[in-house]
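Enquirer: Given next are the chains, with one letter for each unit.
There are 2 protein chains.
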Amino acid sequence: MKTRTLLMPSLWAAAVMTISCNVFAADEPIQPIRPVQQINLAQVELGKKLYFDPRLSKSGFISCNSCHNLSMGGTDNLKTSIGHNWQEGPINSPTVLNSSLNVAQFWDGRAADLKAQAGGPIANPGEMAASHTLAIDVLTSIPQYVTEFKQVFGQDQITIDEVTQAIAEFEKTLVTPNSRFDQWLLGDKDAITATELAGYNLFKTSGCIACHNGSAVGGNSFQKMGVVEPYKTMSTAEGVAGLTGKDADRFKFKVPTLRNVALTYPYFHDGAARTLAEAVDIMGRLQLGKKFTKEENAKIVAFLKALTGDQPAFLLPILPPSTDQTPPPKPFG
Amino acid sequence: MKTRTLLMPSLWAAAVMTISCNVFAADEPIQPIRPVQQINLAQVELGKKLYFDPRLSKSGFISCNSCHNLSMGGTDNLKTSIGHNWQEGPINSPTVLNSSLNVAQFWDGRAADLKAQAGGPIANPGEMAASHTLAIDVLTSIPQYVTEFKQVFGQDQITIDEVTQAIAEFEKTLVTPNSRFDQWLLGDKDAITATELAGYNLFKTSGCIACHNGSAVGGNSFQKMGVVEPYKTMSTAEGVAGLTGKDADRFKFKVPTLRNVALTYPYFHDGAARTLAEAVDIMGRLQLGKKFTKEENAKIVAFLKALTGDQPAFLLPILPPSTDQTPPPKPFG
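Protein chains in written order, with the numbering used here: chain S, 311 to 643; chain H, 311 to 643.
All the pointers check out, no bait thrown in.
Which copy? The list can't say, so a pair holds if one copy fits it or any two copies do.
Pairs of lysine-lysine, DSSO-like flavour, derived with a Cα cap of 27 Å: (1) Lys600 to Lys542; (2) Lys615 to Lys460; (3) Lys514 to Lys499; (4) Lys640 to Lys615; (5) Lys542 to Lys640; (6) Lys615 to Lys359; (7) Lys542 to Lys601; (8) Lys604 to Lys542.
I should point out that these hints are in silico values taken from the structure, not numbers from a laboratory.
Could you build the full structure based on these sequences and the hints that come with them?
Expert: Now the structure itself:
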């Protein structure tokens with residue numbers, strides 16, 4: 311509220327303030343999350359239904375929202391996820407929140423964008439265990455879906471390309487602006503506490519910022535997990551090496567966003583770090599060769615907790631019912 | 311819109327119309343669903359979060375909404391449900407919609423009311439597989455829950471009694487007024503088609519109405535499944551006999567509500583009937599000794615589809631995050 315004293319009733323003053331605010335944010339290596347821009351609302355509404363529809367899985371039980379739960383920071387808050395038939399997933403589910411800001415999707419970046427990502431879990435035998443053909447057969451058997459796809463895409467046939475496009479468009483709306491840290495970036499100096507600001511300064515001076523920067527505070531590069539010290543894990547995930555076969559890419563993963571990190575526990579690709587304090591300690595030692603004191607650790611954690619933004623707010627979608635022609639789900643065998 | 315011709319600008323005329331509408335509905339063995347009355351909104355908001363919170367399960371993956379999915383008619387649309395560790399449930403998940411109108415809860419009526427029901431699945435090893443102690447430990451470790459429980463119930467300690475009370479209060483809001491059939495009951499003669507009306511008349515004259523009556527079109531009595539002919543099933547569910555041990559109670563189940571029945575497939579306690587046509591055919595033969603013609607069956611199905619009411623409309627709840635003290639979920643062993 312103190313910023314109100316800056317307000318003067320002249321266009322000139324307003325212009326100066328706008329410029330100084332921009333300069334303020336531009337000076338920092340982290341930029342505020344922008345509210346969603348340029349979106350196809352019809353695709354969003356369709357994609358929202360698909361995101362919540364467990365009929366895209368073989369069992370009829372698992373939807374996108376099962377592992378990227380929008381009630382829980384866009385994650386499942388499990389070490390690794392539960393797939394079809396209660397299979398134990400190989401990797402921690404990354405948050406869908408702000409995922410449109412990622413340079414690529416999945417921990418190893420094997421999907422170029424959200425649309426390319428969305429088809430993966432549907433057909434993955436360890437996740438939703440359906441096939442694209444089955445998903446299309448299910449949707450095509452439901453007249454309300456047929457009509458809505460036709461309205462949205464103007465085609466008679468439902469295609470997997472349309473399905474993933476609509477899901478991706480919905481996911482683009484899942485940005486979380488207005489965190490207290492962003493309010494501070496935008497000029498409200500009282501939005502964060504002195505401890506949180508000290509944590510941010512430590513985050514910058516210690517080198518965390520080298521990888522966790524930009525508007526998503528991460529998500530824009532691939533880095534080796536375990537630079538100064540090797541990372542010890544039970545996980546078999548190889549990172550980018552799984553795609554390239556190159557030894558140099560072993561344990562190279564996409565740097566995760568730290569936006570809403572207070573909600574997206576547990577941490578790392580293997581979900582091995584249960585708390586933020588643990589994650590900060592391990593990152594400091596393994597990536598930066600730095601042993602944070604308890605006080606330093608607490609300050610950085612305090613800063614990280616100020617990165618929780620406005621969570622998506624929307625009505626729970628109501629799904630169109632199956633028909634007598636819909637292939638029934640097969641949860642058991 | 312034709313009813314508009316009845317409107318006359320006098321209080322007397324309005325009074326006459328109100329009376330005649332009431333008489334209209336009172337003449338019928340089915341009454342319209344009333345919008346929710348007398349509710350504790352603070353309990354509802356807390357209960358909504360709990361209903362969606364998978365941390366009430368051992369795995370951290372299963373919430374009330376997993377098997378009573380409010381995007382899908384308050385059911386999971388599976389024959390029988392998936393429980394902890396992908397266990398195959400013994401019975402079809404009944405809809406939570408309008409369940410406050412049931413004479414008792416569960417297919418065998420073993421819980422007197424929604425509050426008594428709500429604690430069951432949390433502690434059932436084949437469903438959410440937690441314990442009441444674990445559920446309370448989890449909630450007590452989350453300051454936002456502690457504060458909200460204290461606000462709502464005015465006590466320092468969170469108890470399972472408060473948890474089930476809040477969930478039950480939320481569930482009381484899940485009524486579905488305003489189906490086309492209810493609009494017809496309330497006096498709009500154009501709200502249902504001639505076929506649907508013919509179906510309703512058949513439903514009454516054939517005897518379906520003997521058990522499926524009242525505002526929930528069922529839910530108010532226990533009846534034997536297989537009266538004229540025995541019911542053949544692979545299910546081991548015994549019905550009320552499982553509680554009383556009496557042979558006469560074998561296969562005696564609570565008559566399910568037919569409200570929103572177009573959304574709550576598959577049908578019967580064992581989920582064996584995949585379609586409404588199948589369910590109507592079996593019910594006719596086994597309960598009434600009546601073989602409906604294809605045309606009769608289609609008319610009754612048309613009537614049943616007019617029983618879909620307004621689905622619950624609310625913002626997806628955002629759950630308060632766990633803390634370092636929260637007992638972690640144990641999905642695998």
